[in-house]
Amino acid sequence: MPITRRDVEHVAYLARLGLSEAEVEVLVRQLDSILENMQILGELDTTQIPPTAQVLPLSNVMRPDELWNPLDQQEVLANAPASEEGFFLIPPVFEENPADL
Amino acid sequence: MNLKELTIHKAHELLATRQICAVDLTRAVLERIGEVDGTIKAYITVTPEQSLAAAAGADERLRRGEGVTPLTGVPVAIKDNMCTAGVKTTCASRILDGFVPPYDATAVARLKAAGAVIVGKANLDEFAMGSSTENSAFFPTHNPWDLERVPGGSSGGSAAAVADGEAVFALGSDTGGSVRLPASFCGAVGMKPTYGRVSRYGLVAFASSLDQIGPITKDVRDCALVMNAIAGHDYLDATSAAVAVPDYTAALIPDVRGLRIGVPAEYFVAGIQPEVEQAVRNALAKLAELGAMVSEISLPHTRYAVASYYIIAPAEASANLARYDGVKYGLSLRPGGDIWRMYCQTREAGFGAEVKRRIMLGTYALSAGYYDAYYLKAQKVRTLIKQDFDAAFQTCDVIVTPTAPTVAFRIGERIENPLAMYQTDVCTVTVNQAGIPGLSVPCGWADGLPVGMQILGRPFDEATILRAAYAYEQATVVRRVPAA
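Chains A and B are the protein sequences, given in the same order.
Its first residue numbered 1, the first sequence is counted upward by one per residue in our numbering.
Its first residue numbered 1, the second sequence is counted upward by one per residue in our numbering.
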């Protein structure tokens with residue numbers, strides 16, 4: 001199934017990724033071509049094969065419930081684009097006027 | 001003292017016997033960087049003051065004879081996707097503009113504890129996504145062997161620095177070949193350890209089930225010395241393995257009698273450069289002469305590896321790169337309006353084309369309706385690839401392949417064609433998918449450019465691949481160095 005413009009716009013929405021008009025056009029072509037190349041995997045019968053998420057036999061790696069030295073709050077906030085009273089400052093999550101929703 | 005040839009072990013000998021002091025060695029490397037890096041562009045950031053201070057500290061240790069390791073006083077380049085406390089870390093991306101990590105990656109901390117001297121942060125493909133270092137948001141790095149050619153990627157800066165005397169050794173990271181490939185293209189030794197062998201804490205994540213940090217060095221002994229310093233369980237990385245670290249230098253015995261070497265036909269792909277194949281076959285003949293038993297094997301699912309990798313790695317990357325959102329660090333575009341606009345505009349402006357392409361590919365592969373057909377399918381194929389290796393290691397001790405189908409290609413040659421660029425990794429991606437260790441060692445030349453031979457081993461059996469590489473290296477002609 002070929003990739004459409006709508007697919008690219010939807011995926012960009014999921015990824016919170018802004019794209020210019022030119023980028024969308026290029027990506028429609030490129031993603032279509034790349035995914036076309038992935039179709040080769042369809043040659044393999046994998047119905048009985050378990051997926052590999054990670055290669056080590058590790059699961060539920062726990063640590064003791066003990067305090068250890070965290071990063072200093074000031075040091076961490078030094079990288080913040082905007083901060084206030086120990087918080088990261090961000091634009092509103094919801095629009096101010098609920099009528100817009 | 002020829003910086004292009006100076007190894008860690010030779011530097012250690014000079015430092016330990018006080019023929020040179022660490023400050024002078026670091027100065028010499030900084031001078032070399034000043035001399036050539038305007039052309040090579042291996043470094044994003046050079047840290048002269050911090051490195052000279054560290055060198056002074058190393059000299060103090062050497063003077064007292066306390067806390068001296070083989071790495072004490074030895075200058076190293078760190079790929080700029082590893083956190084270095086107080087030193088800006090960019091991942092060669094605009095989206096991390098201004099980011100200064102408040103902590104060291106564990107591998108970096110271990111090198112510092114050993115007394116190594118960090119001279120700077122090496123260039124890479126943005127977020128380690130690429131095979132040529134052309135995807136750096138800042139500039140491409142040039143191959144010291146031919147300035148019109150790529151050094152390989154994504155650890156191109158690290159490999160170029162080692163090849164051209166701008167560092168005695170370097171750390172790179174490898175997700176689909178990004179240590180082994182540039183090592184091969186630049187005539188260096190590069191190792192990707194077994195997944196879980198080296199801590200990923202502080203390595204900016206690309207694909208969490210595939211990433212590993214590894215050394216890029218001038219010879220095999222140096223590789224073993226760096227592995228001794230950085231390998232081992234880390235409480236801060238839940239995926240690091242609680243497996244004891246042997247002394248890797250004890251593996252450096254030039255004896256491969258009876259070593260069973262498997263050579264998979266599938267890695268001598270159609271389109272392999274004939275001189276590359278010849279160089280690897282000559283190296284195998286040498287190993288046979290030294291007493292190894294070479295036989296042809298099959299890894300039948302090799303042809304599906306690039307497709308499987310280029311679904312899994314972008315999928316994991318799409319999750320790992322969701323954190324670059326303008327909230328906590330880096331670029332943050334706030335044009336007014338809500339947080340959604342900040343996310344979209346920051347990510348649009350901050351990410352380069354290849355990173356965007358992979359985020360899109362990965363998000364698509366994980367999205368509702370496509371997850372089974374793409375991501376789950378790719379993970380099942382990954383199992384088949386791993387099973388191929390498990391079966392092969394029943395009758396082989398190591399597996400030998402070319403590291404890449406060609407030597408270094410020209411800058412600009414593949415950048416417009418993502419699929420052609422992805423094919424560069426055809427010999428290396430399987431190794432990350434299976435999680436096994438792999439090393440590239442120089443084995444010859446084609447058109448005056450270095451060719452690398454890849455040696456693969458069982459999980460946590462870095463010792464055997466080091467031994468095979470060492471035996472080969474010691475039995476063959478001394479490596480040439482790039483022209484000044």
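FYI, nobody ran anything at the bench for these hints, they're computed from the structure.
Positions of the beta carbon are idealized from the N, C-alpha and C atoms, including for glycine.
A portion of the hints provided could be inaccurate.
Stretch by stretch, here's where chain A covers chain B in the computed footprint (C-beta under 8 Å, at least three residues) [stated by the list, open to error]:
{"no.": "1", "region": "215-223"}
{"no.": "2", "region": "238-244"}
{"no.": "3", "region": "356-365"}
Report holds or violated for chain A covering the region 238-244 of chain B, Cβ cut-off 8 Å, minimum 3 residues.
holds (count 3)
Taking a Cβ-Cβ distance under 8 Å as contact, does the region 356-365 of chain B have three or more residues in contact with chain A?
With 7 residues closer than 8 Å to chain A, the region 356-365 of chain B meets the three-residue bar; holds.
Okay, the region 215-223 of chain B and chain A, do three or more residues pass the C-beta test at under 8 Å?
violated (count 0)
Of the hints listed earlier, the one the structure fails to meet is number 1.
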